[in-house]
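Go ahead and model the full structure; you've got the sequences and the hints to work with.
Residue numbers (our numbering), protein chains in the order written: chain A, 1 to 155; chain B, 156 to 662.
Derived from the structure by calculation, the hints contain no laboratory data. Heads up, a few of these hints could be off.
[What the hints assert, rightly or not] Which residues of chain B face chain A? A few of them, derived with a C-beta cut under 8 Å, are: (1) Pro544; (2) Leu566; (3) Val569; (4) Met606.
All values derive from a computational prediction rather than experimental measurement. Every residue, glycine too, gets a C-beta built ideally from N, C-alpha and C.
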Amino acid sequence: MRPTRLVGQLLLVFALLSAWQVSVIPMPPVYAEVGPHPMPAALSGLLLVLALGYLLADARTRAPDAAHDPEESALPHARRRTGWFATGLLAFGVLLPTAGLGPAGTVAFAAIARAFASERPLSDLAVGGAFTVVVWYVFARLLGVQLGPLLRGWI
Amino acid sequence: MTSFDALLQGFGAALQPDILLYGFAGCLLGTLVGVLPGIGPALTIALLLPLTFKVPAAAMFVLFAGIYYGAMYGGSTTSILLNTPGESATLITALEGNKMARRGRGGQALATAAIGSFVAGTIGTLALTFFAPIIVEAALAFGPAEYASLMVLSLVAVSAVLGRSVLRGRIALSLGLLLGLVGIDLQTGQPRFTFGVAELLDGIEVTIAAVGLFAVGEAMYLAWQGRQGNAEVMRVSGSLKLSREDWARSWKPWVRGAAIGFPIGALPAGGAEVPTLLSYYAERKLSSRPEEFGHGAIEGVAGPEAANNASAAGVLMPLLTLGIPTSATAAVMLSAFESYGIQPGPMLFTQQGSLVWTLIASLFIGNVILLLLNLPLVGLWVRLLHVPPAWLYPGIVIISTAGVYGASNSLFDVALLFAFGLLGYGMRRFDFPVAPLLVGLILGPMLEQSMRQALTISQGQWTTFITRPISGSILLLALALVAAPMLMHIGRLWRRPWSASKDAEEG
Numbered sequence: 001m002r003p004t005r006l007v008g009q010l011l012l013v014f015a016l017l018s019a020w021q022v023s024v025i026p027m028p029p030v031y032a033e034v035g036p037h038p039m040p041a042a043l044s045g046l047l048l049v050l051a052l053g054y055l056l057a058d059a060r061t062r063a064p065d066a067a068h069d070p071e072e073s074a075l076p077h078a079r080r081r082t083g084w085f086a087t088g089l090l091a092f093g094v095l096l097p098t099a100g101l102g103p104a105g106t107v108a109f110a111a112i113a114r115a116f117a118s119e120r121p122l123s124d125l126a127v128g129g130a131f132t133v134v135v136w137y138v139f140a141r142l143l144g145v146q147l148g149p150l151l152r153g154w155i
Numbered sequence: 156m157t158s159f160d161a162l163l164q165g166f167g168a169a170l171q172p173d174i175l176l177y178g179f180a181g182c183l184l185g186t187l188v189g190v191l192p193g194i195g196p197a198l199t200i201a202l203l204l205p206l207t208f209k210v211p212a213a214a215m216f217v218l219f220a221g222i223y224y225g226a227m228y229g230g231s232t233t234s235i236l237l238n239t240p241g242e243s244a245t246l247i248t249a250l251e252g253n254k255m256a257r258r259g260r261g262g263q264a265l266a267t268a269a270i271g272s273f274v275a276g277t278i279g280t281l282a283l284t285f286f287a288p289i290i291v292e293a294a295l296a297f298g299p300a301e302y303a304s305l306m307v308l309s310l311v312a313v314s315a316v317l318g319r320s321v322l323r324g325r326i327a328l329s330l331g332l333l334l335g336l337v338g339i340d341l342q343t344g345q346p347r348f349t350f351g352v353a354e355l356l357d358g359i360e361v362t363i364a365a366v367g368l369f370a371v372g373e374a375m376y377l378a379w380q381g382r383q384g385n386a387e388v389m390r391v392s393g394s395l396k397l398s399r400e401d402w403a404r405s406w407k408p409w410v411r412g413a414a415i416g417f418p419i420g421a422l423p424a425g426g427a428e429v430p431t432l433l434s435y436y437a438e439r440k441l442s443s444r445p446e447e448f449g450h451g452a453i454e455g456v457a458g459p460e461a462a463n464n465a466s467a468a469g470v471l472m473p474l475l476t477l478g479i480p481t482s483a484t485a486a487v488m489l490s491a492f493e494s495y496g497i498q499p500g501p502m503l504f505t506q507q508g509s510l511v512w513t514l515i516a517s518l519f520i521g522n523v524i525l526l527l528l529n530l531p532l533v534g535l536w537v538r539l540l541h542v543p544p545a546w547l548y549p550g551i552v553i554i555s556t557a558g559v560y561g562a563s564n565s566l567f568d569v570a571l572l573f574a575f576g577l578l579g580y581g582m583r584r585f586d587f588p589v590a591p592l593l594v595g596l597i598l599g600p601m602l603e604q605s606m607r608q609a610l611t612i613s614q615g616q617w618t619t620f621i622t623r624p625i626s627g628s629i630l631l632l633a634l635a636l637v638a639a640p641m642l643m644h645i646g647r648l649w650r651r652p653w654s655a656s657k658d659a660e661e662g
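Okay, structure coming up:
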């Protein structure tokens, strides 16, 4: 399926989801001229109409997709790169609570560097590690922002 | 007291040595982050927000002012020296500036951009000083109905002017408005769109959305594209001195740019793209050397840069006097002010006047600091541009995530950040403008609240929005903005038979 068609359908689903959510908003115990329902209901309706408009426009003349633009399109192996990027984000989310900011930042750095076609994983890890330590130091020690331990159980 | 006295008091508060130090830091940081490709002022402010947590209030304003203007300046440095501009407003600077750099006149381009930014920034801030109290006076006559209508106008304009497709702009806007309603409805106490998740009861922070959409989303998009690493960084050879001829050719574009930039920046959804474009076309038309345009005409850098900076000051006007953000950057700043318990709006001028005037004084000071700081430090900025993208973007993502996690220590917020990153990638790829989403996110709940207040005052009569004269005229304007593209389209269709026959005559 064309990606833009998928986008339109996702918008439609989102609008319907939002409409369903509006229906489960409880009635307020106090009377209010404009309760919690009107605005979200109107917006869900608006989004529904706009999503249909998008699908219609897409069916007639293709909606823009950078993948088709000669200047902006992706070079080969785009999936691999986005895969590495997503891995980096996931690694950060998983390692942060379990191992601390240090490992999380280092691994994420290297994975995202890989997503940018870096061919030197070891130096990426080293730079990532150093960078994460600096960030932790500046934020947590100098500015007092709570970032959790650098290495869980140690610092 | 007159605004001049208030301004002088503001200067008095801001010109303390320790506060000036913060100003230097702000300018330095703002330019540093603004130089980095792919980071615009909105993201710069969102990223540097955690820094301001520990800073006293007056110093915070100077820090902000430095970051705000510094980010603009950094962005233009990037677009002159590197062919991929830092943000859309500097696209125009890239047109002529990069060409100048290719011809060995990079130093002059940077110099005219820096001085032009200073001149325009000063003019813009002066205009802000002069007009803000007038607007505040008028705004005190505004009731909730007028505010609600003004917000509607702002929202309509944001989705119509920014981005290439009005439909996609409106979709982004609707998404933003819906996301803004997530959380507990303050007036009735009912949870909306929370899916039973406790962390969503407080709603979605604008900074998380901004950082997710701009930083993570942009990085993901660029990773997908894979075209990084091919950008060429121009060398700044030769001096940064402007010749007499350069000065003569630059000063009028500076002033014209400021005159174009400030009013348009002050309008709802003026943004920075429109004034820079207008300035470019104006300079091209008025130039005695139009053939140079496209090959490195100094007016093509001087004018748009001035317009850019003046519009930055212009954007502050509705933000400070009315509390209405008219750009993504303003939306982030509004949320930052609110997190400090400062509510921008006419009340701010009357109740916390000294704070506002300190901010305005800081803007002047920040401008001067930037001029003094940035031309000598060009070498440093150029070196920054040489950071390989494979290290730059992971660094941006790490800092963004650390910043978001540091603000709330919530993994849910981190997940939300990444979700917005995915959304940002999608919006970038399928050409949905991001600014309407952010403005909708912050204005949505404000609009609902104003609407409710207006209805309470009018005792349930919905016609109040039209029958009150100011509110009615604002809504009419909004309607005109909505209808204009449709009418223009119909007009074009109508005129076609004529032009077809004309073409036939001209053969």
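Hint check:
1. Pro544: holds (5 Å)
2. Leu566: Hint on Leu566 of chain B: holds, closest Cβ of chain A at ~6 Å, below 8 Å.
3. Val569: Hint holds; Val569 of chain B Cβ to chain A Cβ min 6 Å, cut 8 Å.
4. Met606: The hint holds - Met606 of chain B has a Cβ within 8 Å of chain A, the shortest such distance being about 6 Å.
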